[in-house]
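Going down the list, the sequences are from chains A and B. Quick note on numbering: the UniProt record's numbering labels position 118 of the first sequence as 118, and the sequence is numbered without any gaps. Quick note on numbering: the UniProt record's numbering labels position 560 of the second sequence as 560, and the sequence is numbered without any gaps.
For the record, the hints were derived by calculation from the structure and aren't laboratory data. Note that the coordinates shown come from a computational prediction; the quantities given were computed from them, not determined experimentally. Accuracy of the hints is not assured; some may be wrong.
[To be verified] Covered, in the sense of this in silico footprint (three residues per stretch, anywhere, with C-beta under 8 Å from a C-beta of chain B), are these stretches of chain A:
| hint | stretch |
| --- | --- |
| 1 | 8 to 18 |
| 2 | 97 to 104 |
| 3 | 366 to 379 |
| 4 | 421 to 429 |
| 5 | 450 to 459 |
| 6 | 486 to 495 |
| 7 | 569 to 576 |
We put the CB at the ideal spot given by N, CA and C, even for glycine.
Protein chains: 2
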Amino acid sequence: MAEFLSRRDIDFLLFDWLGVDDLVKHERFAEHSRETFDAVLDLSAAIAGKCFAPHNKTCDQSAPSVGADGTVVLIDEIKDALDTFGEAGLMAGAFDEALGGMGLPTVVAQASMTFFRAANPSITSYAFLTVGNANLLVEYGTDEQIDTWVRPMLEGRFFGTMCLSEPDAGSSLADITTRAVPAPDGTYRITGTKMWITGGDHELSENIVHLVLAKAPGGGPGVKGISLFIVPKFLPDGTRNDVALVSLNHKMGNHATTNALLNFGDGTHRPAEQPGAVGYLVGAEHHGLTYMFHMMNEARIAVGGQATATGYAGYLASLDYAKQRVQGRPVDAKRPGQPQVALIEHADVKRMLLAQKSYVEGALALGLYCWRLVDEERITTGAERDNAHLLLEVLTPIAKSWPAQWCLEANNLAIQVHGGYGYTKEFDVEQHYRDNRLNAIHEGTHGIHGLDLLGRKVVMQDGAGLTVLAERISHTIDAAMEFDDAVGHARALRRALDRLLEVTATLWSAGDIATTLANSTIYLEATGHVVIAWMWLEQMLACSGRDGDFYDGKRAAARYFFTYELPKVGPQFELLASLDRTTVEAAPSWF
Amino acid sequence: MAEFLSRRDIDFLLFDWLGVDDLVKHERFAEHSRETFDAVLDLSAAIAGKCFAPHNKTCDQSAPSVGADGTVVLIDEIKDALDTFGEAGLMAGAFDEALGGMGLPTVVAQASMTFFRAANPSITSYAFLTVGNANLLVEYGTDEQIDTWVRPMLEGRFFGTMCLSEPDAGSSLADITTRAVPAPDGTYRITGTKMWITGGDHELSENIVHLVLAKAPGGGPGVKGISLFIVPKFLPDGTRNDVALVSLNHKMGNHATTNALLNFGDGTHRPAEQPGAVGYLVGAEHHGLTYMFHMMNEARIAVGGQATATGYAGYLASLDYAKQRVQGRPVDAKRPGQPQVALIEHADVKRMLLAQKSYVEGALALGLYCWRLVDEERITTGAERDNAHLLLEVLTPIAKSWPAQWCLEANNLAIQVHGGYGYTKEFDVEQHYRDNRLNAIHEGTHGIHGLDLLGRKVVMQDGAGLTVLAERISHTIDAAMEFDDAVGHARALRRALDRLLEVTATLWSAGDIATTLANSTIYLEATGHVVIAWMWLEQMLACSGRDGDFYDGKRAAARYFFTYELPKVGPQFELLASLDRTTVEAAPSWF
Chain A
1 MAEFLSRRDI DFLLFDWLGV DDLVKHERFA EHSRETFDAV LDLSAAIAGK CFAPHNKTCD
61 QSAPSVGADG TVVLIDEIKD ALDTFGEAGL MAGAFDEALG GMGLPTVVAQ ASMTFFRAAN
121 PSITSYAFLT VGNANLLVEY GTDEQIDTWV RPMLEGRFFG TMCLSEPDAG SSLADITTRA
181 VPAPDGTYRI TGTKMWITGG DHELSENIVH LVLAKAPGGG PGVKGISLFI VPKFLPDGTR
241 NDVALVSLNH KMGNHATTNA LLNFGDGTHR PAEQPGAVGY LVGAEHHGLT YMFHMMNEAR
301 IAVGGQATAT GYAGYLASLD YAKQRVQGRP VDAKRPGQPQ VALIEHADVK RMLLAQKSYV
361 EGALALGLYC WRLVDEERIT TGAERDNAHL LLEVLTPIAK SWPAQWCLEA NNLAIQVHGG
421 YGYTKEFDVE QHYRDNRLNA IHEGTHGIHG LDLLGRKVVM QDGAGLTVLA ERISHTIDAA
481 MEFDDAVGHA RALRRALDRL LEVTATLWSA GDIATTLANS TIYLEATGHV VIAWMWLEQM
541 LACSGRDGDF YDGKRAAARY FFTYELPKVG PQFELLASLD RTTVEAAPSW F
Chain B
1 MAEFLSRRDI DFLLFDWLGV DDLVKHERFA EHSRETFDAV LDLSAAIAGK CFAPHNKTCD
61 QSAPSVGADG TVVLIDEIKD ALDTFGEAGL MAGAFDEALG GMGLPTVVAQ ASMTFFRAAN
121 PSITSYAFLT VGNANLLVEY GTDEQIDTWV RPMLEGRFFG TMCLSEPDAG SSLADITTRA
181 VPAPDGTYRI TGTKMWITGG DHELSENIVH LVLAKAPGGG PGVKGISLFI VPKFLPDGTR
241 NDVALVSLNH KMGNHATTNA LLNFGDGTHR PAEQPGAVGY LVGAEHHGLT YMFHMMNEAR
301 IAVGGQATAT GYAGYLASLD YAKQRVQGRP VDAKRPGQPQ VALIEHADVK RMLLAQKSYV
361 EGALALGLYC WRLVDEERIT TGAERDNAHL LLEVLTPIAK SWPAQWCLEA NNLAIQVHGG
421 YGYTKEFDVE QHYRDNRLNA IHEGTHGIHG LDLLGRKVVM QDGAGLTVLA ERISHTIDAA
481 MEFDDAVGHA RALRRALDRL LEVTATLWSA GDIATTLANS TIYLEATGHV VIAWMWLEQM
541 LACSGRDGDF YDGKRAAARY FFTYELPKVG PQFELLASLD RTTVEAAPSW F
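Take the sequences, apply the hints, and build the full model.
If you want it as structure tokens, here you go:
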């Protein structure tokens with residue numbers, strides 16, 4: 001089996017680039033050291049390699065089903081892997097020690113998660129949703145809610161979900177119809193149907209903690225009326241709550257992750273002989289969407305991380321294949337009879353490997369940079385904190401969407417490197433491609449994130465988020481101007497950044513929101529390429545003055561990105577600057 | 001079930017654009033008329049709709065297996081569909097009446113095949129390989145071979161395959177090791193292993209006619225020593241030939257098409273108690289690869305056709321969904337409470353539909369244009385014939401690769417339009433995506449076609465092929481300059497064409513073949529976009545002066561292509577013109 005993630009790259013990004021070991025200077029992480037960080041990364045790599053990676057294909061071949069007794073049937077390896085993960089304390093990596101956590105910086109905990117995501121993304125989804133669910137409750141739940149629901153989640157005994165979508169309200173949350181009615185005992189009774197619920201039902205954990213968006217009486221119309229509830233599968237006294245599995249979705253990939261249609265309060269179970277599922281309000285009524293965004297923002301970066309890790313695993317698999325498989329001769333071969341060479345000797349194969357490397361290592365850098373901002377936000381104050389928050393807001397749609405698009409393209413190229421073998425189930429890369437295709441959809445499609453970036457993030461607080469981004473990129477450019485091997489890239493990035501700022505202003509000067517937002521997905525793609533180019537320039541700086549294959553490889557991938565990828569933004573910005581209305585003007589009857 | 005192909009579009013392309021009804025003026029097609037063409041299209045649409053489309057998902061869910069008796073197990077619907085196809089005479093559509101064919105122009109016969117490809121590509125592969133096999137034998141086989149093998153194939157009783165690849169020689173045909181030894185009776189005895197054999201074994205037909213590349217004694221090294229043999233599963237006397245199924249490949253998609261590893265002459269069967277599989281030489285010894293290219297070139301355009309048709313089916317499925325599914329509100333909605341709208345009302349959804357439309361209708365136009373050239377080559381003489389041949393040579397790598405890349409992207413967008421539903425097996429689009437992924441691999445990967453186009457096709461006969469292409473494109477541009485709504489597109493295409501010619505010259509001036517060919521895949525992509533832009537300008541001309549939704553839709557798709565797609569060639573040509581050596585210089589040890 002090929003390696004699924006490069007520990008060397010993780011170390012480079014965390015320590016040589018992001019200076020994560022410096023975080024221990026802050027009192028919050030004072031108990032930690034480079035040694036404890038290394039230990040958790042070693043542990044994660046070992047468990048992922050031993051308990052997650054070997055079952056990735058088995059999971060794919062054994063999609064979940066509903067048994068005769070109505071429970072979800074999954075292969076035993078999934079529970080074993082997650083039990084090992086939980087018992088190692090990894091569910092609680094970044095949580096306070098008071099909650100039984102390791103008190104790790106988020107960036108270290110998430111780097112350690114990357115090993116699991118690369119080894120077996122569809123098992124790992126249970127863990128990442130549980131962590132996100134617990135984070136939300138730590139932020140907004142009561143002490144009692146934390147004791148009742150968070151502690152068992154951090155121990156790996158309960159798992160968490162997020163329940164937003166409904167059959168008639170996917171991206172359109174304003175239209176959800178799930179209702180919450182206050183009960184005399186201070187709880188609520190929830191009635192409605194939720195779909196696309198990842199980890200929505202299974203027998204992997206003692207309990208499932210659903211976080212459910214529902215409308216309680218008295219809320220305004222649209223998203224304003226939405227409140228957030230804890231609706232557990234089992235109530236604290238062990239009674240079955242009225243959460244019923246209707247069906248599982250059968251998907252192209254990600255087979256080990258159950259994805260369910262759930263009924264709340266349909267009468268399948270009747271806790272205390274009353275109708276409705278018992279729900280516990282989180283925070284205040286009618287503020288549910290704000291709370292949910294806490295989890296959703298984290299989940300969005302995590303989805304980008306799944307995409308990145310799956311792309312990374314495919315890259316390494318195709319690299320391994322390209323080094324082993326002997327086929328064809330160099331185009332400048334002098335004699336027809338000379339021996340064949342390994343695939344990796346061919347320029348077009350190197351192009352496909354460099355492309356993958358530039359996508360997956362660029363995306364990994366962005367993901368870790370974002371998690372580092374989560375830490376920054378926590379340990380800084382005042383303007384520094386505000387800036388970290390703003391930057392994270394702007395980067396989140398990119399950190400979610402860019403890897404979902406380009407690390408899927410990496411998986412596409414990994415198949416291509418394998419030729420016909422890549423299309424067969426004998427190798428792993430076709431599974432990566434199917435698994436990764438999900439990531440452009442869940443936690444908001446590309447289209448939603450395009451609207452979020454252009455319609456909200458770059459204009460909020462009078463464009464403060466975009467200003468912070470531009471300042472940080474400029475800072476990198478200025479530093480890179482000092483290095484001969486980076487100066488050309490720095491200039492190219494400067495031009496692209498200037499163009500981004502110009503084009504943003506032009507779009508918002510259109511005076512017509514439909515025209516401004518008509519090509520927001522293209523805006524998302526182009527901004528994403530600028531941001532990843534920045535990540536590559538940052539990596540160039542971190543490599544500077546260092547020799548050896550690893551650093552030469554980083555420089556080659558940066559060169560690839562600046563030569564083959566960044567120039568793609570040229571026509572994209574031109575299209576955006578023209579305020580083109582091709583799509584707006586196309587009539588449905590023309591199709 | 002959504003429509004899978006637009007008959008209106010087929011009619012537009014064949015009759016309004018390509019003037020295929022004019023072909024009946026030629027004596028070869030004098031028996032035909034617009035009515036007979038319509039009749040075969042009607043018949044094809046009806047059979048495809050009735051016998052092919054309803055089983056597309058069933059085929060996907062029932063991948064072939066090897067039964068206890070060693071035979072291939074397929075669901076009954078596949079044989080029923082192919083029997084109906086054969087009994088309707090469709091296997092022989094473009095063959096001479098003397099052979100029992102309909103004597104149709106190739107372009108009409110292939111347009112009729114498009115219905116089957118769109119309805120159920122993995123069943124249709126058996127037919128397209130059989131037709132290609134028969135075409136090769138009609139061209140190079142003896143009368144006896146035609147009577148023995150071709151006639152039953154055209155009746156739909158025998159199916160054909162092409163056997164090129166071996167476990168250690170995929171794209172590298174010079175390295176095949178299958179051997180042919182002459183036997184005293186004039187036949188040969190074949191020994192070796194062939195893999196990736198589409199339709200390699202099954203019980204769908206009375207016999208399977210394998211066309212096998214093998215090395216006979218006395219040939220030179222490399223591809224020069226290769227000869228071509230008919231190696232049937234059953235000999236004319238009904239004896240089992242020594243062709244043994246070793247295993248079936250299990251694939252990501254295209255499940256109804258068996259794909260086999262076959263042993264020839266391993267002793268499983270011993271015809272006439274002699275070792276080796278009996279083979280009949282086609283044409284002269286050591287010229288096998290030339291003959292095989294006759295079938296391969298046809299197969300390449302057909303693979304582009306499969307990709308196109310699968311893209312087309314996905315486009316129509318997502319269009320249907322976008323019209324039905326109500327979700328979200330316009331970005332310029334005045335009140336939050338106003339009713340939700342159909343997906344197709346959103347600009348970003350229209351973008352995804354226009355993109356798909358421009359890819360699949362552009363690719364369909366190119367495919368039919370190529371088949372029209374096959375007819376042109378047959379019914380013309382002298383310079384006209386040479387030009388048709390040259391143009392077809394240049395266009396073949398594009399007609400294969402462009403649809404494989406962009407109609408797969410169409411399938412990707414079709415999933416995206418469906419949101420989460422698109423990722424489930426409840427809808428068809430995830431299957432399209434998996435099925436279509438094959439087409440960038442078989443009959444030569446993108447990389448192989450990039451080398452073919454830049455390394456061979458545009459420089460053969462001192463660049464005569466590229467000159468013919470440029471002349472034809474220029475002719476279209478000149479005509480388009482007369483029309484107000486096309487003049488902007490015409491100018492853009494002129495610039496792109498000029499750039500293509502300049503860049504081709506620059507690449508070949510590098511003086512170093514490794515540098516010239518380093519980015520041949522990028523050259524293939526860019527040239528493909530220029531060619532498809534030409535196809536759209538041609539369609540604009542065919543629409544000119546016509547009103548109505550259909551023509552407005554064509555104009556909108558053309559506008560999309562010229563606005564969003566053609567500009568992508570700018571940075572690609574810049575990269576090529578710079579003779580960039582990023583890939584050549586990357587050392588394997590850096591990865």
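Exercise for the section: Tell me if chain B covers the stretch 97 to 104 of chain A under the three-residue, 8 Å CB rule, please? Expected result: As far as the stretch 97 to 104 of chain A goes, the hint is violated, because 0 residues have Cβ atoms under 8 Å from chain B.
- Message: Taking beta carbons only, do three or more residues of the stretch 421 to 429 of chain A come closer than 8 Å to chain B?
- Response: Satisfied; 5 residues make the cut.
Claimed coverage, the stretch 486 to 495 of chain A by chain B - three or more beta carbons nearer than 8 Å:
Violated - the stretch 486 to 495 of chain A has 0 residues with a Cβ nearer than 8 Å to chain B, which falls short of three.
Quiz prompt | Three-residue Cβ test at 8 Å for the coverage of the stretch 8 to 18 of chain A by chain B | solution = violated (count 0)
Has the stretch 569 to 576 of chain A got at least three residues whose CB is nearer than 8 Å to a CB belonging to chain B? It holds, with 4 qualifying residues against the three required.
*Coverage criterion applied to the stretch 366 to 379 of chain A (partner chain B; beta-carbon cut 8 Å; 3 residues)*: Violated, because only 0 residues of the stretch 366 to 379 of chain A bring their Cβ atoms closer than 8 Å to Cβ atoms of chain B.
Between the stretch 450 to 459 of chain A and chain B, are there enough contacts, at least three residues with CB-CB distance under 8 Å, for the coverage claim to hold?
With 3 residues in contact (Cβ-Cβ under 8 Å with chain B), the coverage given for the stretch 450 to 459 of chain A holds.
Violated hints, in rising order: 1, 2, 3, 6; the structure is consistent with all others.
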